[in-house]
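S.K.: Chain residues, written in single-letter form:
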Amino acid sequence: MTPVAEQTGAWLESFTRQHPAAPWIRQLREEAFARFTQMGFPTTHDEEWRFTNVAPIARSRFQFRDIVGQVSGLPANVQAGAIAGDARQWLAKQAFDQNAFVALNTAFLNGGLFLRIPRGTVVEGPIEVVYSVDGQVGNLPHVGPRMLVVAGADTQFTLIERYTGQGRYLTNAVTEIVAGEGAVIDHYKVQHESGEAFHIGSLFANLGRSVNFSATSIAMGGALVRNDVNVTLSEGTEATLNGLYVVNGSQHVDNHTTIDHAKPHGTSHELYKGILDGKAGAVFNGRIMVRKDAQKTDSKQTNKNLVLSDEAVINTKPELQIFADDVRCTHGATIGQLDAESMFYLQSRGIGKDDARNLLTYAFAQDIVDRIKVQSLRDSLERILFEKLHERPQ
Amino acid sequence: MALLEIKNLHATVGEREILKGIDLTVDAGEVHAIMGPNGSGKSTLAQVLAGREVYAVTEGQVTYSGKDLLGMKPEDRAREGMFLAFQYPVEIPGISNTYFLRAALNARRKYEGLPEVDAFDFLELVREKMKLLEMDQALLNRPVNTGFSGGEKKRNEIFQMAVLEPKLAILDETDSGLDIDALKLVAHGVNALRGPERSMIVVTHYQRLLDYIVPDYVHVLADGRLVKSGGKELALQLEETGYAGLGIADEEEAVGRV
Ligand SMILES: Nc1ncnc2c1ncn2[C@@H]1O[C@H](COP(=O)(O)OP(=O)(O)OP(=O)(O)O)[C@@H](O)[C@H]1O
Ligand SMILES: [Mg+2]
Chain S
1 MTPVAEQTGA WLESFTRQHP AAPWIRQLRE EAFARFTQMG FPTTHDEEWR FTNVAPIARS
61 RFQFRDIVGQ VSGLPANVQA GAIAGDARQW LAKQAFDQNA FVALNTAFLN GGLFLRIPRG
121 TVVEGPIEVV YSVDGQVGNL PHVGPRMLVV AGADTQFTLI ERYTGQGRYL TNAVTEIVAG
181 EGAVIDHYKV QHESGEAFHI GSLFANLGRS VNFSATSIAM GGALVRNDVN VTLSEGTEAT
241 LNGLYVVNGS QHVDNHTTID HAKPHGTSHE LYKGILDGKA GAVFNGRIMV RKDAQKTDSK
301 QTNKNLVLSD EAVINTKPEL QIFADDVRCT HGATIGQLDA ESMFYLQSRG IGKDDARNLL
361 TYAFAQDIVD RIKVQSLRDS LERILFEKLH ERPQ
Chain G
1 MALLEIKNLH ATVGEREILK GIDLTVDAGE VHAIMGPNGS GKSTLAQVLA GREVYAVTEG
61 QVTYSGKDLL GMKPEDRARE GMFLAFQYPV EIPGISNTYF LRAALNARRK YEGLPEVDAF
121 DFLELVREKM KLLEMDQALL NRPVNTGFSG GEKKRNEIFQ MAVLEPKLAI LDETDSGLDI
181 DALKLVAHGV NALRGPERSM IVVTHYQRLL DYIVPDYVHV LADGRLVKSG GKELALQLEE
241 TGYAGLGIAD EEEAVGRV
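Heads up: the sequence lines are chains S and G, in that order.
For the first sequence, the working numbering gives the first residue as 1, with consecutive numbering after it.
For the second sequence, the working numbering gives the first residue as 1, with consecutive numbering after it.
A portion of the hints provided could be inaccurate.
[Said to hold, decoys possible] Covered by chain S, per the in silico footprint, the following chain G stretches (three or more residues, Cβ under 8 Å):
| hint | region |
| --- | --- |
| 1 | 43-53 |
| 2 | 70-77 |
| 3 | 90-99 |
| 4 | 106-114 |
Hints in this document: simulated from the structure, not taken from any laboratory.
No residue lacks a Cβ here, since even glycine has one placed at the ideal position from N, Cα and C.
Just chain G, same shape as in the assembly:
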C-alpha cells in the first residue's frame, strides 16, 4: 500500500488556482524530488499536504497511510508522522527552541499513548541528533528561529525532523541559501534518516541538492501540474538543458542566460 497517494489535486488561493491537478504516489522508503521554476506551486503543494488553511482544495483526494489526509487537522497530520521542513521557517520570539520541540515531541507521544518526556530526558534524547547536525546548545536555548541565519534555520528544520522521526518528510527548498559546507551537513543529516520506513519528498529549484540526497524519482512541476517524471537522471538532464529544454518558461533562468 502506498504511504501517500495524491489524485487530481486542485488548490486555490482566493480566486486563483495554483495546483491544477496533481497525481503522485509515494511508497514507503522512497525519496521523490519535485523540481520546478519559481512560482510553479512547489511550496503550495507542500503546504496543502501539511494542512495550511489559506489554500482551499477544490478537487481531488489525498490518502496518507490509508486515511483521508485532507480531512485531518494539521496537528494530527504531524502526529501521524508527517513533517514539513519549511522553505521559510517562522521566527517565534519568546519560546525557546527546546521548549517548542519538546512540546511537539510530547504532543506526538501523547497521541500515541506514550508518557511525556521531561526536560532532562529530552536533552538526553536529542544529544545524538544535535551532534548529527552540529547544533550547539546555545542555538537550542534561543527562541525558535529568532535571529538565526538562513543556514541555521534550515539546519534547525532538519534537526526537528531528526527528533520527530517522521514517516513522511517533505523538505521544501531546504538547500536554498546554504553554502556548500552547510548543504553537505544538512544532506548528511537527511541521509542519516533515510530508511525503509521513511519516505521523503524533496522540493528543490536546483539540482545541486540532489547530488547529495539522491532521489529515487524526479518530477517536474510547472504551472501547477507535474509535467514530467523520471528517475534521478531527469535531474541531470534538467541541469544541462534548463527548464527551457522541457519547454518550460523560467523567469529567473531567462534572466540569467541573456
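Chain S with its partners taken away, still in its complex shape:
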C-alpha cells in the first residue's frame, strides 16, 4: 500500500459502517470519500499546510462517533433539523475537493444540523450550538460536526458555535452559511477544546448582495488546531473577520482565512490577534482575493502577535491576489513582546510582576473581546481568558 492508502484505509471501515441515508447523501459521501482517499492527509509539502503538521492525526486510529450539537436560543420560526430534503440545493456547493478534511467531514455526513432562517426574520438573542466530546470514554473518537445555515434575505441573527471536550479526540467540523441579500449576521466560534484534542474546522460563508457579515474566531484550546474561514462577497457586501488565538505549552494553532471579493463595492476588515507563550506555535495566513470585476473594493487586514516567551514561534503571512485596479487594500502584521515601560509603570504602582504581565496580556486581547456584541459571550470569554493566562508557571 502507498502511505496515503495506508492512512486513509484505516478510515474505510468506519466509513462503510455509517448510518443509512438518502440516496443523494450516500452519493455525496462516496464522492467525498473517494476524493479524500485520493488526496490523503496534507503534508508540510503542501503550501496550505506548510507550518502545520497533521501527521499525528494521520497516524492515529480514530473511531467515528456521532455527535449532536446542543442547540439553544431557537425561536419558533427558525427551522432546525438534520441535513436532508431540500438542503441538497445548498450543501457542499463550496468545493470539498481542495481540502482533505472537508472531504472527510462530507464523507461522514450523518445528520448534521440544518438551520433555515426565513426571509425577513429578526432573531433577538443568539442561537447557540455546543459540541462537546468526551474522549475519556470508549475508543479514540473522531467527530464530524456539520452545519448548514441558509439565511433568507433581510434576516438578522447571531450564531455561536462552541467546541469543548475532555481527553483525546479529533473534531473535524464544517459550517456552511448561505446568506441572502441584505442579511445581517454575526457568527462566533469559540474553540475551547481539551488540551489533548485535535480540532480542524472550516467555515464557508457565501454572502449575497449588501450582506453585513462578521465572523469572530476564538481559539483557546486544543493540542493541534486548524481554522479555515472562507468568505465570498458579493456586490456591496461588508465582511468583518476577527480572531483571537491564545496558546501556551506545546499548543499549535493555524488560522487560514480567505476573503474573496468577487463583486464590486465590497468591504472587508480583518483583525486577528495572537498571544503565544511556552513552546507554542501559531500560524496566520490571510488571503485576500480581489477579482477583476471587484472594483472599489476596500479591504484592510491586520495581524498582531504578542510573544511572551523565547521559544514560541509565529508564522504570519498576508497573501494578496488583486486583479482589479481601482481598489484599496492594506495589510500589516506585527510581532512584539510586552512593553518594558508599561511593565515598569504597573510595577511602580505596586502591581506585582506576574499580575502586571497578565494585565498587559489581557489588555492586548481587549479590543477583540470588546468587539463581541453578545454580553454573555464577552463575560464567558473574559473568564476563559483569565484562566488561560494564569496557566503559566509562576
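Got chain S; can you put chain G with the ligands on it based on the hints?
M.R.: Leaving out everything else, chain G with the ligands in the frame of chain S:
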C-alpha cells in the same frame, strides 16, 4: 530617622554614567525640590529610586524607612509607600484607569494585610480625590492615559498619588506642559496631600511650580551631581540668574538668550 537617605549614588545606562555620586537626605514631612537643566539626570534619579531596571547602580546606598531600597523590587517599593509621578506617563490601552488604580490599591492593601476593596467601595473611596483634582468619571473609565492630553496625564498621576497616599512622593516634572490653570489645580492637589507624614521630592526644570508648591529645600543637579543646595530662595536666585549664574551650562537656556 531619615525617611530617605541617599549616599554616593552612581548609576549608569549601558557604558555611560549618568548619576555621578548623589547624596541626599529627606526627613518625614519635608519637601525637596530638585532643579537642573535638561539631561542633568533628574529623571534618572527619580527612576532609579523607583527601581527601573534599565539603570544599573554601580556605587552607593539608599536607605528608605530604614530598609535597603536598592534591594527591593519596584512593586515592593510602591507597597512600602513610595510613589513616582512620571514625567512621561505611559499609555496602556485595554486597561481602564479605575481597574488599574484599584489593582494598585489592592496590591498595597494585600501587602499590608488589609482586605481588598471591590469596585463599588473603590468608587466611594475615590470620590473626594476625584473632586480634588476635578477628574471626571469619563476619564476614569477610559484606558490608562490613552489619548489623554498632556495636562490630563499629569493630573491623572497626581490623582493616583492622592488615592495611594504615599509616604514619599517623587514628582518628575509634573508641571511641564501645563497651562497656568492646570498647574494651579495640580499644585492644589499636591498641597492638599502635604503633611507631617508625607515627604516629597519635586523635580522641575523651572521655578514656576515652586511658586505654588513651596519647598523646604532646593537642590541643583548638574551633570549627575548635586552642585548646590539651599532653601527656597535658591529657586528664586536661579530664576534671576539662570543656571549660567551658577556656572552651569544649559543648552535650552543658551538658545533662549541669544
Ligand atoms: N534609558 C536611557 N538610555 C540612554 N540614555 C539615557 C537613558 N535615560 C537617560 N539617558 C541619558 O541620561 C541623561 C540624563 O537623562 P535624564 O532623563 O535623567 O535627564 P533629566 O534631567 O530628567 O532631563 P529633562 O529635563 O529633559 O527631563 C541624558 O543625557 C539622557 O539622554
Ligand atoms: Mg526628566
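S.K.: Look at each hint and say if it fits the structure.
M.R.: Status of the hints after comparison with the structure:
Only residues whose beta carbon comes within less than 8 Å of a beta carbon in chain S count, and the region 43-53 of chain G has 4; three or more means the coverage holds. Only residues whose beta carbon comes within less than 8 Å of a beta carbon in chain S count, and the region 70-77 of chain G has 4; three or more means the coverage holds. As drawn, the region 90-99 of chain G meets chain S at 5 residues by the rule of a beta-carbon pair under 8 Å; at three or more, the given contact holds. Using a Cβ-Cβ cut-off of 8 Å, 3 residues of the region 106-114 of chain G lie near chain S, which meets the minimum of three, so the contact claim holds.
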